Every structure is written in C-alpha cells, then in structure tokens.
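**Student:** Given next are the chains, with one letter for each unit.
There are 4 protein chains.
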Amino acid sequence: MAAANSFGKAFIVTTFGESHGRCVGTLIDGCPAGLPLFEGDIQVELDKRVPRKPEITSGRIEKDVVEILSGVFEGHTTGAPICMLVWNREAVSSEYAVIKNLPRPGHADYPAHVKYRGFNDYRGGGRFSGRITVSLVMAGAVAKKLLQLFGVEVLAYTKAIGSVEMKETPTLEQIRKETYKNPVRCPDQAYAELMEKAIIEARREGDSLGGIVECIALNVPVGVGEPVFDALDADIAKAIFAVPAVKGVEFGAGFKVAAMKGSESNDPYATRDGKVITLTNNAGGVLGGLSNGMPIVVRVAIKPTPSIAKKQKTINLSELKDATLQVEGRHDPCIVPKAVPAIESMVAITITDHMIRAGIIPKVLARER
Amino acid sequence: MAAANSFGKAFIVTTFGESHGRCVGTLIDGCPAGLPLFEGDIQVELDKRVPRKPEITSGRIEKDVVEILSGVFEGHTTGAPICMLVWNREAVSSEYAVIKNLPRPGHADYPAHVKYRGFNDYRGGGRFSGRITVSLVMAGAVAKKLLQLFGVEVLAYTKAIGSVEMKETPTLEQIRKETYKNPVRCPDQAYAELMEKAIIEARREGDSLGGIVECIALNVPVGVGEPVFDALDADIAKAIFAVPAVKGVEFGAGFKVAAMKGSESNDPYATRDGKVITLTNNAGGVLGGLSNGMPIVVRVAIKPTPSIAKKQKTINLSELKDATLQVEGRHDPCIVPKAVPAIESMVAITITDHMIRAGIIPKVLARER
Amino acid sequence: MAAANSFGKAFIVTTFGESHGRCVGTLIDGCPAGLPLFEGDIQVELDKRVPRKPEITSGRIEKDVVEILSGVFEGHTTGAPICMLVWNREAVSSEYAVIKNLPRPGHADYPAHVKYRGFNDYRGGGRFSGRITVSLVMAGAVAKKLLQLFGVEVLAYTKAIGSVEMKETPTLEQIRKETYKNPVRCPDQAYAELMEKAIIEARREGDSLGGIVECIALNVPVGVGEPVFDALDADIAKAIFAVPAVKGVEFGAGFKVAAMKGSESNDPYATRDGKVITLTNNAGGVLGGLSNGMPIVVRVAIKPTPSIAKKQKTINLSELKDATLQVEGRHDPCIVPKAVPAIESMVAITITDHMIRAGIIPKVLARER
Amino acid sequence: MAAANSFGKAFIVTTFGESHGRCVGTLIDGCPAGLPLFEGDIQVELDKRVPRKPEITSGRIEKDVVEILSGVFEGHTTGAPICMLVWNREAVSSEYAVIKNLPRPGHADYPAHVKYRGFNDYRGGGRFSGRITVSLVMAGAVAKKLLQLFGVEVLAYTKAIGSVEMKETPTLEQIRKETYKNPVRCPDQAYAELMEKAIIEARREGDSLGGIVECIALNVPVGVGEPVFDALDADIAKAIFAVPAVKGVEFGAGFKVAAMKGSESNDPYATRDGKVITLTNNAGGVLGGLSNGMPIVVRVAIKPTPSIAKKQKTINLSELKDATLQVEGRHDPCIVPKAVPAIESMVAITITDHMIRAGIIPKVLARER
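Residue numbers (the numbering used here), protein chains in the order written: chain A, 4 to 372; chain V, 4 to 372; chain Z, 4 to 372; chain Y, 4 to 372.
It is worth saying that the hints were derived from the structure and are not from the lab.
Any given hint might turn out to be false.
It does not matter which identical chain is used: a pair holds within one copy or between any two.
[Unchecked claim] The calculated lysine-lysine pairs, modelled on DSS-like cross-linking and capped at a C-alpha distance of 27 Å, are: (1) 170 - 314; (2) 103 - 180; (3) 184 - 200; (4) 180 - 170.
As the structure is a computational prediction, the values presented were derived from the model and not from experiment.
Looking at chain A on its own, in the form it has when it is part of the complex (with noise of 0.2 Å):
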C-alpha cells in the first residue's frame, strides 16, 4: 500500500508529477456537478503562488498555465473527475547530478533514495519538491470556488519570517486587501517590508529562512467534521502536513493552551442575534473534532528552506562515507510566502471534503440545466 496520493474521501485529490518531469497535475474526483468552471478560475489562484520579485524566490520563475483536461463541459463541471496540469518549462536538471549521491541535509533525498532504492526520480526533488503545491493550489481553487457558493471562505497569510513577527491581529479586512500586495504575504506592510529584508539578508548569507503561517476559514456550518478519527482538525492537520516544510500546527490558543486554566481557556457560550457564538476563541473554532461556528484558525510552522548555499556536512550514499555538500542550483531562500496558498488550499480542500461528507454541499449544484 505505497498508494498515497490522494487526499479526501467525498472531494478526493490526487496529485501526480514532478518537478523536473512532464509537468504538475491534480485530479478532482467527487465534485459535484453544475459548478461554474474555467481555466481562468484556477488561473488566478496559481498566480498567486509565485512572489514575481527575483530577490526573494528561486531564479526559475515559470508562468505556469493550467489546462483542464476533463471534467469540465460547457463551463460546468459535470460530475466527472477533473483532470488539470501545468506543463513543466523551465526544469534546468543539470544542476542536481551532484545530489544523487550526496543527500542535501534537511531534505528528504537520503530516505527517499532507501525507500525507493534510487528510482525515484531526484531531479530537484521529484515528487518531494515544493513545486508539488502547484497541485494542491490548482485544487484548492476548485475548492474556494465551492465553498464560496456556501458562504465559506478561506484567508491564509504569512504571520511571521524568521524573527521578524507580527504582534498584532490583522483584520480580516487587512488579511483579505493586503496580504497579496507585497511579495511575502503579509497584511501588514511594514511587517512585511523587514520580512522581505530578512530574506535578503539570509540569501546574501547563503542562508534560508523559515515562518509561520496562519490560516482562518469563515462561515464554516456548525458540526462540519467526522468524529472520532476523522475529527475536522485532526483532517485539517493531516492536509497541512502534506505542504512541504511543515513541522507544526495548531489550533486556536494551540501552544499556549498548556499553561491556562480551564476557566480561562473554556470559550463561554452566549447568543447574538439568535445565533450562538462562543465570546472567546481559545478553540480555533473545532470543538471535540466538530466545527462550532466560530472562524476555524491554524497555525502552521514552516522551516527554513533546506537547499542552502552554505557547505553542509553530509554523506556520500555510494561510499557510505562521510562528505560535504555545497548546493547549487535555484533555491527559494524562504518558502513561507509560497507555502501562503498552498496552506490556504489544503484547508479549503478539507473543509470542502467534509462539507460534502456531511451532505451540506449537495452533489449537484443546480435543480436543473
């Protein structure tokens, strides 16, 4: 049982390609028919993955352009799986002959390499590159699109780079207006103005940089999620993980709910407007893997891009023997701002998956065409 490349189980996405093959794809299986679609749709959201400013991303800045290759009929879904790729251009493979035998520290070459016993496709990372969340982001658009149909919407944006941290809360309205303005991804441009300076400084280092990502989805039904195992957040968690770089998450007061009490990290209930709302949100907006109507926020923790231009001590697979590495080729000196969409995506793609499971989402759209 290798066959882990789908995720859900009523909005199923699997993924396929690799970074230096073909190209990238995504495969939808579960949407429901009679949604609005075009390549236009899932366009913009790609765009939105790569920071177009040199400084701060790898040297390959591909334009990458969706295709929809089925699924889709007179700009409708039609219930059918949805099959879209983005062909791979700008793949320079040369640069990564050297990692074959000299696993870069940090990544996943050296137990990639014994779990596939070398055929696994290593240029630039195959399967395990970042390049991979073009796949989850040209999913995550379908998914938006969905959920926006049912009031559901999904914010995520770059809460810190390095040390540089934002202390305030930013408004939804921030989060929604400024986060896209500025090439790291945070509402606040100040923040994001030393943010982008830290990632400069790392890179003129030979350096990288890692963050923290916060996601907030709104709208979401009270008793979206599938207890016991299939708990919201428990899904929510397990998405995230598939973003390359991830080593956290958490939900709500996360960390911090360790040294409170429970009168203070108990929400307490209260009506308005003959809605039940919670007055705090300690809970993240999950309750015993259950939705409970209030925004729905995770924190993720992003580490460093491992690919440093630093010599790193490693070994020589071959000879079994130690070695040191110098890594070439185009490295993005901080992830986090692509990591941005790509979280967004996979809570989107959770939240949309469940919304199905719970029969909230119906599996045709219209009463009729």
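Fit chains V, Z and Y to the known structure of chain A by using the hints.
**Tutor:** Just chains V, Z and Y now, with coordinates in the frame of chain A:
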C-alpha cells in the same frame, strides 16, 4: 459519509462504544497472523491509563477488564479481525441530565447537538468522552506488541502540566523506568511532585489544567511513510488529534524552526558504525514525510479539562438564550496523565500501519505454525 | 493490506467472529442518527436465517440471540457505530480436528492454510464458515429498516435447488407472503415440496445440492450508483460474493443477453402516469451502473455444500501426499435456504450505502429529537 | 461521496476523460518502483483494442497514441503516480445533439441525465462510453507487465457472439496465438468467421449482437484474495462490471453448479510433482475468495450494443412524453471484440492489486538501481 470511526489503511482500528453505554470497544482489521496475544498483554496497557490516585482523577475509577472476542486462536492472532471490549460498570448517568440543554463550554456538547439533532448519547460526553481512549489504548497495546518484534519502541511522558514544565530533556532510561512511578506520568520525580501539587491546587479552586506530552519512537526503519499525503508526520498528527483535548502537534524543533536559519535547522549527516545518522534532530526523525532513522519526536498540547466546578456562561439550547452552568459529576482536574498512554498508542498504531504498508511487517509473522 | 473485513463507503459494515469462537458480530459505521432501532428488529431477520427443519439443515440449530452493544440510545440510532453480536453456544469443535491437515475439497481449507500458514482458526471453517452470514443478516436488518423509510423493498427467494427450478415468475405478493412458509424459501409451495424432497434425497446419499437465488429490489430511485467503478451492479455483485458458495451473478436477462439482438435486449422507454418506465426489464434495473427506476433483478448461483459424507480425494498437508477424507460433523445438505436472507441483506446493504452516498438518505433522519 | 473513479486498494487505478472531451486518461497510484516501462509497452495493448476492420466496428477508428506524463524516470517506474493519456482526435460530436433529450434505450443516457440533472457530458455517452475502456487497457498494460515478472499470465478471448458459441475449449496455446488473428478475437478461426458474418448480418439489419468473453489467469499463487469482503472473485466481478455492457459474471462451472451435486462439483485434491492441484476446476481457481493455485476462469456476458439504427421507442425528457428515436452516429454493431482486452485488463489489475496487498509483489522491484 459520516462513517469515520476507523483509522489506518493496513492496520485498521475501528472504535465503538460510549462513555455511559454498555461498553467501549475496538476492532483491529489487518493485524498479521501469528502474533502471540493474550488478554494480559492488553490489560497491562489498560492499567496504565488510570492513575490510581483519587486526588488527581475523577471519582470514577473503573477496573477496566479487557475481553478479546475474536481473531485470536490458541494464543496467536489468526489474521481475522480482533474485537476487544471493556464493559462499562461504574457510570452514573443521572448527573448528566442537566447538560442535555446546557452545553458545557469547551466540550463538544453544542456542535454535537447541532450535528446529530439531539440523537447523540450525551451522557458523559458519549462518543466525545475521554473514556473513548480505552479503545485507543487497547488497539495500541496490540500495535506495541507487534512493533516490539521489529525492535521499535514508543515512549510517551508528561513534559508539562500547567505552568510546571520540565526544563531538562529526560534520558530514555529515565522515561522507561520513571514515567509510571507517579500519577502524572512525568519521568522526573521532582517535577512530578510539582505537577501533582498544581493539579490538586487547581482542583481545589474548581479549575483544571492542561499540559504537554512528548512522544518518542525509537528504531523506526528509514523510509517509513507514504508521500505525498500519507506522510508519516501527517498521519501521526491526524492520529493524535483523535485524543480528546489536543490543540497542537509539532515535530522535532517544532514551532521553534520558524525563527531558525537553514544552517541551524538542517540536521547534518554523518556515518556511525556504517550507519547513517544526523548530528542533530531538529527534524524529529521525519523528512519529506519519511522516517530518516533518527528518533521520531512529537510534542502535543493538551488543553485543560473543560469540565470545571466554577460557574460558566453558556446558553440554553431549547430556548436559545443565555444561561449559566455549574458542571456536576466526576471529572479529572487534568486529563494529561490519561492522554500519555493514549498518545503513545496512537503513535504506535500509526507506525504499525505504515510498517505494514511499507511491507516491513509481513502479513504472517512466522513461517509455519 | 490484508484488512478486508469492511464493506461499503458510507454505510460501512465490518464483520468479526468465527464459527467456533466466542461470537459472530457486525459493526455498522455510518448509519444515520435518528433511526428507531431495537434488538427485536434484528432478531426477526436473524430468525429467518435458519430453517427450523432438522431434515434439511445441519444438526447445529442455535437460537441466535442478538445483542446491541453500542450506537443506540433511547431506542434510536445516534450516528455512532452500532456494534451487534450473537454469542456462539452450540459449537462442537472436536469434530474438526481431522480437517486440520486434510483440506475438504470445495472448501477454503487449503488456500487458507497456505495464506495464514496454519494460524487461521480452522474449526468449522472459522471465518470461511456459513455461520458468518449471521453478521451479514444483522447488518442487513438495519439496512432494510432504513430502506423501508424511503419506500425501498428488497426481496429474495429460492428459484432453484438442484435440478428443481421454478418455471413461472412468482408475483411480488407471492414472494412477500409465501417465501418463508417453507424451509427452502421458495414462494411456490408445490416447487418447495419438490425442492425439500430433493434435499432429503441428496442427504440420504451423503451428498449435497446447490441452487439459484433471485433477489429483487423495488422502488430504488433513478440514478443510484457511482460510475465508473462503484457502479450499482458492480457493488451488488461484489457484495453478493461475500456470501459463501456463490459462483455466479447476473442481472436482468443475464447470460441470455449474449444471444439476443440489440432490438430485443434494449428496454424501450415509455411514460406511465408522468413517470418514466421501460416496457421490458432485460437490464434488470441497472443501466451504465445506475439504477433506472425499474426493479433491480439479480440472480445468484450457489454451489452445493462442499461438506459431504461421501469419501473424497484430498491431500495430507503435513506430509504433502494424497489421502482420502470423509467429512464428519453437522453440515447443511443445501446451503441455499440460508443464503436467501444473506443475499437479501447484501443487496440491501449495498443499496443503502449507495443511497447515502447519493445524498438520498440524509445523515440525520428527523429534524429534531 | 460521488467520487468513484478509482479501483483497487494497493494498485489504485483512477480513470478520467470523456468520449468527446480532450482526452481519455488513467492514473496509477501504487505501482512498485523499478518496473521497466516505456510507452511502447502500453501502445501494444492499446492497439489490440480496436479491430481494424471497418465492417464490424464503428466508423470512428482513432489511432490512439499513449503519452506517459509522470511516474517514469530513465525507463523505470519511480513509485510515484503514473499518469497516461490518449488525446481524442476523431470525435464528431454534432451527431449527438439529438440524444440530449431523447435517451437511447439500453444506454445510461436517462439515469445519467436524472443523476447529474443535465450537467453530464452526454456527447458520445461521455463517461459511459465504450471509449473509456482505453483507460482500462492502459492501466491493464502496466498490470500485465508487472504480473509477467511473477509468472502470472492473463488471457481473454471471445467465446460467443450472438448465437455462435464455441463448443470446444480452446487450448492455452491456441488462445495465446490465434485470438488476435481475427477481428472478433476468437481463438478458433472457423468460429471467428461465423462470428464475423453474424456481426455483418446484424449490422445490415440495423441491429447489434452481444456475446460471451472468457478470461483465464494462470499461475496466480495460492492464497491471493482478502476475505471476507475483498474476496478475489468478489473483486474480479466488481472490476469486470466497470466494462460497459456486462450483465453477468461467473467463475468455473458458474451457473451450472446450481444443478450439480456436491460430489460432482467438489474438485478433488491430488499432488503432482510435489505440488497440490485439483483434478477438476469447477471452482474456477477460487475457493472461499482465495486463489487455490488452479487457473482462474471467469466468463462474462456482454449485451448487444444498445445503439442500433432501428427505430426505437423512447421518451422526450424535456416534455416527458413518448417519442421515437433512430440513433445516428458511428457505432460498433458488436462491442464484444473491444471488451476482450478491457476484461483482460480488469482481471490483470485486480490480481496485481491483490498480489501487492498480499505482499507477493514488493514495493520496489530491484535491490538497487
């Protein structure tokens, strides 16, 4: 697709039962044939679940006695599904009548009521009760027995309760020998005493505490995990969220990676006695969703028990208006000690599932009976 | 991935238990909340399984009494998993010692021994016993109770035993009222007598008989089934093969379509009272894997019970040489009557699963409790 | 849970594409790493699908050219998902406008229209078209290449077309060498000529024919199959129903077992050269859902192509009243020849899936690259 009471793809654990129903049970499908298994193997683990110290637990101390109903023949597993259960004996349901309409803040009461429209068994939290961890621990006992044959060991312990947090990293020997010598499951007896005091103090105030549990898996072979979606860390994270009250999960350096540089967080490779190791373990044993041969280290944030004796704001569900609630019944002032074996079990179950998927654990354990 | 004891994707039935173990059980995950359910509802169906006429059954007539262990609260399903079981009481295992090394022709003994390397519980066939149909019938009882609410009715009956085959097609009324009036489950009492005689005759010779069961599902809404792989006929066929001794499955005109012309086999459409019908039903109610609103008609070939009193050629597994075997123990001379409710159950389970998947059966059955 | 375009649990085949869309494709997740694979391996099997004889096929003869998009690197599978497709070139969609409101009897048009409320791509049958078998054959080609390494061979051939049925059982040699020498895929050239004539005759009448395909799998190891629900025969049956127009499936003696006695249908065991065999094969190689080492023999009933030139009774969907229809477009007068490689593929896919599940086919095929 509400069906969500199974976890795993090869070693599939399905749980059933409610806090105040007839029993809590677990059904394992996919356990290899030929594993020596007796009820005593399960009982040993079950007994670890309940700290037998009335001051820090709920008044309900059941002697949970496991019965194996199927899948074992002449002292060995047969390859058929293993059904096990513990009969409930001590439940006092009358205390729960009040919460039917007054959802407890921090509990699943409210979203569960909405989701199941009042049909859920609300007594003692029903399926959302901490008692459900009995099912997890029974399944974990089988997983641990299997893993033992392959040299894999899984150890969990309490790292923090409330504001008492162990500063030093305990040795493996310490964790193995000291953890269960005190009711809080902390491998350092001095910290354990402080933690116990903190719990008793919180209880006296009618309040409750949370904490942090760390779990370590040793000797997991390199290459376990199935990218891209069934990554080992992704599945461990999902598994752990099945334990009630979990609000965050992090691996290795966890959220600290956000402020590290690549040159700090990358774990350099080296060889030791012909084996590949890393000189640090910021990755927590997982790279690209695959085990890398180093200890798998995961930390879990547990919120304070939501059931507290203090008066709390809630709503009346039948009239949909504000109300106050003072929770009666017997409740743990801190669920962390009970979470320790549950988290250990979920990690063991996930690794077992993946080692079977990877073909490392075979379908039949012995050549011939 | 040996785990294979679950069927369905939305209404998931998992069975456990062995012929001579402590019990046979079933666990349903995904049953909607709000279904009135009592043990009596299950018992009625279980009682249909065993024709209480010693001449045509095995000597082992257990009074199978169902117990519901979970998932039901105050007379309604809760949405949590429903675990049910029947304790085994009458098993006489000593008779089976002989078959440990002498596999019975026509039984799973030999391939099971190879697969599980001797660890399988061989007593009475273990997991391969006809007794396992108790689990199927318990789950089927819940499915039928659910389907009833949506007007769907599933009816099975014996069409042939040995060379005695009903020539006329029975009316629905006849099937509903007459089937269980005789021990062979044939809706025509004249044929039933002939079938009974044939069984008694075969038993006298130390031999056994097979037969044909027909199953009809009425009022299944149009469009149930999920192409391309979870086609309704595909899943019904798979489900039926879980009943021991099945060797063939056909829908509508079945194998007869091979010799028909398109102009004969195509079922012409017409409207009746504003409803679309077909004037014939060669399709057996399924087109392109989707229900078309006509009765779903499926016929099943059942082989003669392999356990016969006659001397048979076999092999000695421990010495791997030719041997002879005369099967002792209590065996049904014809398993067809017991297969009738089991096939009915598997068809009902499959349709229930698909009606939940299609969103026709909701997650919660009533608006509010 | 409409998502249903995947088959298998370890070797997971997902298909996509429509008859008149941009392409038909297949995605294999779980193929072991290290299998030598070239587009030519797939092309060979694809070319078998279309009998290049205009008299007996639809006018639409595409040169289907496969492209592998992912999962193969330097001539070997990598363990990553393999996406393959064939671009559609020759579709003439205009002919299908008429059927949008006039469902063709015997086709999925009507239930599909109801299910998807008019959003399904109806052109050429869309997802319900025989063209979808291109996806099955591409996946089957990979499965067969894998099985070959383990000595397993899967062979299918036409046994009957209309009333012309082979009376003799062909030898394996005959099936291997003669089947594809004629456009009807019958291993006996005399019968083949009669079948061809029958098809031409039916076509002349504006009518169509069905038939019977037999498929044999050789050298499947003993013990393949996962009871109780993923029995080998159960999964093969389900798999075969994915081929359009299938109405029945039987194993070994099939429906004939109904009239046999146990002493006739039981296959006696014997040893030959230290191997266990059965002296007859009424079981068709499967006992209790497990392979028993004998050839797996399955027969499949295929209905006549529903698209016929004769005038037929139908209904007008928009006005819901009776109508008549005369199907235009290019249609096969007999789909049996195209079903042969599709059925062979589905049997090969199922056995591959189960041999991986049983651990007989490993995750990586070679020790090291």
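**Student:** Next step is simple, just say for each hint if it's right about the structure.
**Tutor:** Now the hints, each set against the structure:
no.: 1; hint: 170 - 314; result: neither (34 Å within a copy, 33 Å between copies)
no.: 2; hint: 103 - 180; result: neither (43 Å within a copy, 43 Å between copies)
no.: 3; hint: 184 - 200; result: within (16 Å within a copy, 51 Å between copies)
no.: 4; hint: 180 - 170; result: within (19 Å within a copy, 43 Å between copies)
Against the hints set out earlier in the document, violations occur for numbers 1 and 2.
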